[in-house]
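A.B. asks: Chains as they are written, first to last, in the numbering used here: chain A, 224 to 395; chain B, 224 to 395.
Honestly, I wouldn't trust all of these hints.
Put simply, identical chains are the same to the list, so a pair is met inside one copy or across any two.
Unchecked claim - Result set (DSSO-like, lysine-lysine): computed pairs, CA atoms no more than 30 Å apart in a straight line:
1) K361 / K294
2) K326 / K279
3) K303 / K225
4) K286 / K308
Keep in mind that the hints were calculated from the coordinates and are not lab data.
Number of protein chains: 2
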Amino acid sequence: MKYGIVIFPSKEIQDEANALRKRYDPRYAHIPPHITLKSAFEMDIPLRDTLVTEIKKIANETKPFTININKVSSFAPVTKTIYFKVEPIPELSELHEKLHTGKFPLDREHAFVPHITIAQDLVEDEYSDVYGSLRMKKVELEDTVDRIQLCYQLENETWTVYETFVFGEEIV
Amino acid sequence: MKYGIVIFPSKEIQDEANALRKRYDPRYAHIPPHITLKSAFEMDIPLRDTLVTEIKKIANETKPFTININKVSSFAPVTKTIYFKVEPIPELSELHEKLHTGKFPLDREHAFVPHITIAQDLVEDEYSDVYGSLRMKKVELEDTVDRIQLCYQLENETWTVYETFVFGEEIV
């Protein structure tokens with residue numbers, strides 16, 4: 224089964240992202256707006272149970288932290304993904320690091336750039352129009368992150384939450 | 224903010240339900256297949272924090288239990304909803320009861336009939352065709368439930384998980 228580890232930002236940020244995703248992200252219905260900490264990886268049940276304990280430890284070591292979103296950016300030319308740029312902070316990169324060491328599968332597709340996708344899979348000229356207008360958009364969003372979520376993927380490519388890990392509140 | 228409390232059954236059951244929801248449930252993309260324990264209710268953050276503690280207590284008092292789905296049924300003539308009928312068991316009704324007493328909002332829209340919706344909002348003749356064929360469908364699904372999920376609704380009517388409550392594993 225495929226799993227992923229994400230942060231779901233506040234409702235306010237999700238609503239702001241969805242207003243754009245609805246128009247520009249064909250995978251809009253697969254999962255709510257999120258910050259990916261660990262991209263999709265295969266895991267069987269024994270490894271899942273092992274990693275749930277590891278994620279609990281990580282959650283217990285982590286203090287709630289504030290994230291800021293101040294602009295729209297893009298991964299072009301690598302991909303035509305447009306996203307809310309989450310200001311990089313040590314807490315995010317530490318979480319990312321911990322989820323890619325020790326008992327966790329180590330492979331990482333890309334360097335870690337914390338973001339919330341708002342547009343993807345656009346054709347060239349649509350991409351230029353959309354990004355041209357969105358990059359001028361004034362964005363000022365802030366949120367306190369106090370939990371992370373382990374999700375698994377269904378056959379129809381949507382994601383369901385398996386477990387939430389609240390910082391400082393997990394029984395190991 | 225609107226919240227709801229649900230059980231997400233196994234991936235196998237969700238995939239089986241989605242294969243039908245995709246064709247017959249216009250709200251298919253709003254939330255993965257689920258058993259509703261507490262329908263949508265309004266809650267502010269202070270009440271949410273109070274009820275999170277209450278749900279943790281309930282989760283800690285609850286032992287994992289087995290659910291069985293053996294047929295497709297319908298709420299007609301009340302509504303044209305078609306669903307996987309989850310065999311009623313004391314553990315489910317006890318959970319439902321506990322989530323509608325004490326500090327929880329007490330209002331209940333309907334009698335508690337544990338189910339997983341697979342079709343809704345169909346027009347009359349489509350409903351008759353679909354239900355006519357699905358009620359003959361052999362269904363034999365079983366799952367062990369060991370957690371419940373508190374979800375909140377976004378502006379686009381999709382639901383995001385706020386917190387998972389694993390039976391016997393919550394710090395209160």
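A.B. asks: Which constraints among the numbered hints does this structure fail? Numbers only, ascending.
C.D. replies: none
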